[in-house]
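Undergrad: Chains as they are written, first to last, in this note's numbering: chain A, 1 to 431; chain X, 1001 to 1370; chain W, 2001 to 2166; chain V, 3001 to 3462.
A hint or two may mislead.
With a straight-line Cα cutoff of 20 angstroms, these simulated EDC-like cross-link-like pairs (lysine to aspartate or glutamate) come out [to be verified]:
1. V:Lys3447 x V:Glu3425
2. W:Lys2050 x X:Asp1090
3. W:Lys2116 x V:Glu3377
4. V:Lys3133 x V:Glu3048
5. V:Lys3382 x V:Asp3428
6. V:Lys3447 x V:Glu3377
7. V:Lys3062 x A:Asp48
8. W:Lys2116 x V:Glu3048
9. W:Lys2116 x V:Asp3428
10. A:Lys362 x A:Asp48
11. W:Lys2089 x X:Asp1090
Just so you know, these hints were derived from the structure itself, not from any lab.
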Amino acid sequence: MAQTKAKISVIQIGTLLVFVVGNGSYLARDPDLEDQENTTLFQFPSVDPIPLPAPVWLFKLLGDVTLVLHFLAMQLLVGSLTLATVWNFLGKKHSVRRDGSDAVIRKVPTLMTYVINFGVPPLLFSQVLYGRALYTSSVLIGFYWISVIVVLTLTYFLLYKCADRANSGRAWWGYSLLSWVGVVYIAKIFSINMTLMLRPEAWQPLYQASGGLGMIFPTGDPSTTPRFLFMLAGGFGLSGAGLLFLSTFGNEKPEVAGFLRKWGGIFAAGFLALEMAAGVWVYRVQPAVVQDGIMSGTLTSSALWAWAVFTVLAVVASLIAAFWGKTGSKILAATAILFGALGTAGFVVVRDGIRDLTLLSKGFDVWQRTVVSNWSVVLLFLALFVGGLALIGFLLVLVARSAKQIANQTAVAAFAGEADLQNLMEEEDDQ
Amino acid sequence: MDASLLQEPRSRTSRAAAIYDWVDDRLDLTGLMAHAREKTVPEHKHAFWYYWGGISLFFFMVQVLSGILLLVYYRPGAEAYESVRQITYDIQFGWLVRSAHSWSANLMVFAVFVHMFSVFFMRAYRKPREFGWWSGLALLGMTMVFGFSGYLLPMDDLAYFATKVGLEIPASIPLVGTVITNLVRGGSEITSTTTQRFFALHVVILPLLYLPFLAFHVWLVQKHGNAMPPGEEAKPVEERRTIRFFPDFFAKDLGMWLLSLNVLAILASLYPWQLGPQADELASAPVGIHPEWYFMSQFQVLKVFGRWFPGAFGEYLGIVVFTLGLVIWALIPFIDAKGRNGKWAKAALYIGLIAVFGMLATTIWGYWDL
Amino acid sequence: MINEDAINDILRSQDNDDPEIDGSKRSFLWMGVGAIGAVYVGAIGYPVYKYLATPAERAASETAVNSATLDGADKLPVNSALMFKFGTKPAMLIRSADGNFVALNAVCTHLGCTVKYNPETVRIECACHGGVYDAKTGSNISGPPPKPLTKFNVEVQDGRVLVTRA
Amino acid sequence: MNYPFWDVPYLSGGGVIGLIATYHLLIALFAVGGGLYLPLAERKALKEGRDDWFGVLKSHSKFFLILTAAFGTTSGVGIWFAIGLANPEATSTLIHNFVFGWAIEYVFFIVELTTAAIYYYTWDKIDPKLHLKIGYVYAASSWLTLVIINGILTFMLTPGSTWLSVAGSGNEASVFWYAFFNPTYFPSLVLRTLISWNLAGIWALVTASRLDGFRHGKLKHEIISWSAKWLIPGFVLVPFCFLWYLAMVPEAQRQLLDLGISTIGQGTFTQITRSALITVMTSATIIALVYFVAVRNSKSFGLGWAISLVLLAFAATASTEQAREMLRKPYVIGDFMYSNGVRKSEVEKYNAEGYLTHSSWAANSVKGFYSDSETIEAADLKKGELMFRGQCGACHTEKGYRAMNNLLKDRDETAIGNILQMLHENKDDSPYRKYMPPLVGKDDEIKALAAYLKQISVNASK
């Protein structure tokens, strides 16, 4: 066991060196070594005897589509929360910064709602396909994994608190800083789990060391840090594009809109470029089998290219949107965020490829599953899914239309203002 | 049947009305009701503390009822342990009855302490309520003796040793301590004779003493009404808020009783009171043996005085300190009397704070020190 | 917004005697109060009843059955036991190595598990908490049981064994 | 022990699930009931032109949004995380069966959260009639999430004969709807719906208690009385629905209820009885307090009382859920998988070939123990620990919840061995059979477990 530990840390240091030197080879890539570890140290848990109720490709498709949405929401959340916190902190005497941060933070609780919402299906479908690996790695870091829930709850609540304070014109950066810490913590735990599930060779020593509660972090995975940085950089970048969007589509004052536009463009361009660098790092730390697999697979290789091209396009579009013309162009802003989103879609597919190839190299073929489809349930789900989205869209259109009408009228007689109630409640506090 | 009653728009049936009238003629229920409706209770942000006397009373009633149930099977003397074992394991729901009795005892002591301190800090001992304060203190003392005597009755090892160390407190009284303790104990060791005595004390002597004090205490509350804290009293009359005693306060008071019953039910059924192995005087005492939590403070004070001043002197000193504290506590209505200036009120406040934190600190210290 | 009259209104509507509360509503309320009361009476009364009734129930069940006939039990091999029901409760018939029969109640006196005969140690053991009894007398030898197992009278007849309450 | 075991000291993994689940249920059922409460209250206010009601409703909808989103959603995800950690095998079975059930629930969930947000953010900003419609859409979608999850929850207690007849054959998917609409589905759905209305009323009292009754007596009294009415359907119907539910539970499980009354002694046997006692008593108290303290005394009904009501509801919910969980014993999925993740169909295989040898985890570990450890006894203890984690840990901890050190106190190795043997044989007359799974494995594994348990009990008596 001590040997394994030593080996793990050698690998860790090795990878860092390798990255610095930049020639992209790393110790654990030796295929002989890997094979040996698989057979002597570990087998995956046996597969659940109940067959899959739908083909593997369908789970993958649904998982990846929702994962793209989850990543978009998550990246927007991470980046805009960071920026808004900084601006609010610096905004004591700078009303534009302050207003800009307020405009952003008001949207963040809703963003969080969708981060969670779109996060559920990919995790569900991952459990169906990769449960053998995913349950195991989750249990191994069980303490941290369940702590995600506690941190998430507090983070989410703090975001509402921030929005509330923003609405009443008070500063809130302290609260948002706390929730930022929470968000980054959760991101880190997810990175660790999603990479740990790919490393059965690390499970046994980790379990022996942790004694069952799962309070020890795995070490020695060369890809955890680059993956974490990749997501973080992408988050700032995409949020920049989000700010561009907010600056042209939102109803902010001109100076606030201009402020959002400038910084949005800079952030989008800068951090998307960083994301590309981190992406190269992620790729380089993959073992040769995986690298070869990605390059030789049609889907994965074209997705990799799509990611690169769209991200470059997003960088260019953001720069133009930020600095070209006096007022922002809606089309340019929308283009920037669209390219960013397409880039995300590209890397989600590559990510999926990396997962499958890595697992395959360790003896877990996700495609080899018994499938007994129950199409009636699947179709019902698909119909409801489309119907549900259509319903939401329809409601949003109705709401927007009605809101415009009402805004044109001067007073709404039927509703009591918020102030009334505040009075009701405060009177009681006074006594 | 009274014709006028039938015309009333009430849904109460005439037979019920007739019975009501029959009783009313003899006991004047209507007059009582009218009195209850006229009576008011102050409503303010400290009104929560008004409920604690009622809560204590409620737990006392639970004690009486569950105690009577235990009496049905309990046998004092040599068979004490066996009979409690039967109650706990043999008799259906015996564990629940015993558990309710034990839990309710602890909750009652807790409620009595809360009641005492809330009365203290609301200055409800001032004129005309001095007798309420003193009768309350007497009730508190008896409550604690109830607890002490009841704790021994199962005669399992915890009860045995806890009583053994608990009796060190009276034994350390100068001059007469040993004599009194031996008298209470029925010998120099705890035996089945002791359970027999404690049993008599617990179910006959104490209740006989307790009930008149309790009646007096409750009568005083009815007579003087709820005391207002000084802050509330300083307000002009038209700003004070009140609710009617009946049915408003009465309903809330009953609500509190129900809540207390629920707390008791949850504790008693989820954490049934355990029964240890039978007491064996030859066995070595379990590590960290100590009396019940409400004696911990005194126990610890005696212990540390004994440690600081070896020999009987330390214990004497401890007893003296304690007695002095009690005397001051009982004389508080004279120290902080109505009409005296603010300096005395402040002094009383400090005394109260010292009492609360002193008891808390020595109790925690006691558990720490085991 | 809210005037004095309104408050008086409320005060009145809270009053039990308000004519506003009509007959059916009032009887519904009384039904509710009655139901809650019944719940409390049940939740407290049932355990209390069971508590007080335990000895009576025991006596009734104990006197209900006074004997059991075990056909063919006289052929029981030596050093083995036969489980049977004495009334509603499990009991055991043991034939010791010397050929004698003993019948005992098979309910552990500790917490009521069913005990079993161990031919190797020639003891009766309770698996729940490790109680041990003597196989001939039923007396509690070790472990938590506080009392011996009740012994029954045994009468060996041709082709059957008759067990009766002692 | 197909997966590593998540060993939570003192609490046990099951305890973590229980805590999160109760807390979630209190909020999630409020989300369902409150979803109907809001639009109906809004409708009443619109119809009667009550401006003051709108103020309260707006404040309530904010409380509602934050509570259900920040605390309800996350705790829901939390249950899912916790079951995956504490019982991956059972979670995997459920997901393989019901993945599209969950997917469908998720669709309703998205609609629910979106409409909740729209509803709160568009007060005063859109046509009141449209606003009310959004409220109805919210109410419908939140109830539909209950309709779906109820199928999966009730499946665990009563998978139904149709599903059980194909379980293990690979054709489980073909009987999805039978598994979903299982015997306890409908009584449970009605029960939960009724309880959700109750909770809507109780939580509404929290908002109402914040009003100053001495100044806005009429408003406060009206809101409290109207909210209290939400408790009536549950109060009247829950007892009947509960009997209906019980009638649908298999006889063997129902006997567990009886066990609590007929078997005397503290601790182990009487849990369901105790839970039932608490549920009945707290429910009655809620009703009594709502009427006598809230409705009859609305003027001085304060936050403390409202919170007491919520806590009572928490106690009632927790003990009901506890009873439901206990009712499922000794299974986690009725008649199919035992609470420690061992499938009923696998028992004989494990007994013949060994339990640990069939877990890829442990098989390697065990070899390691015997080659690394200095003595065979030490290796046995390690093996016993794995047995303990795999087969006992789902319900027992070393010290803490259902603690072994307490249950085994003062037992010698023979006594422990006797208990284990009895659990292993799992005969028809075994008193443990009704609520504990059989102990599976070969003799050497069971001996190792006995040695490990002995060590725990020795440590306990120190």
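Undergrad: Give a verdict on every hint.
TA: Going down the list of hints, with the structure as the test:
| no. | hint | result |
| --- | --- | --- |
| 1 | V:Lys3447 x V:Glu3425 | holds, 14 angstroms |
| 2 | W:Lys2050 x X:Asp1090 | holds, 12 angstroms |
| 3 | W:Lys2116 x V:Glu3377 | violated, 30 angstroms |
| 4 | V:Lys3133 x V:Glu3048 | holds, 18 angstroms |
| 5 | V:Lys3382 x V:Asp3428 | violated, 32 angstroms |
| 6 | V:Lys3447 x V:Glu3377 | holds, 11 angstroms |
| 7 | V:Lys3062 x A:Asp48 | violated, 43 angstroms |
| 8 | W:Lys2116 x V:Glu3048 | violated, 75 angstroms |
| 9 | W:Lys2116 x V:Asp3428 | holds, 14 angstroms |
| 10 | A:Lys362 x A:Asp48 | holds, 19 angstroms |
| 11 | W:Lys2089 x X:Asp1090 | holds, 16 angstroms |
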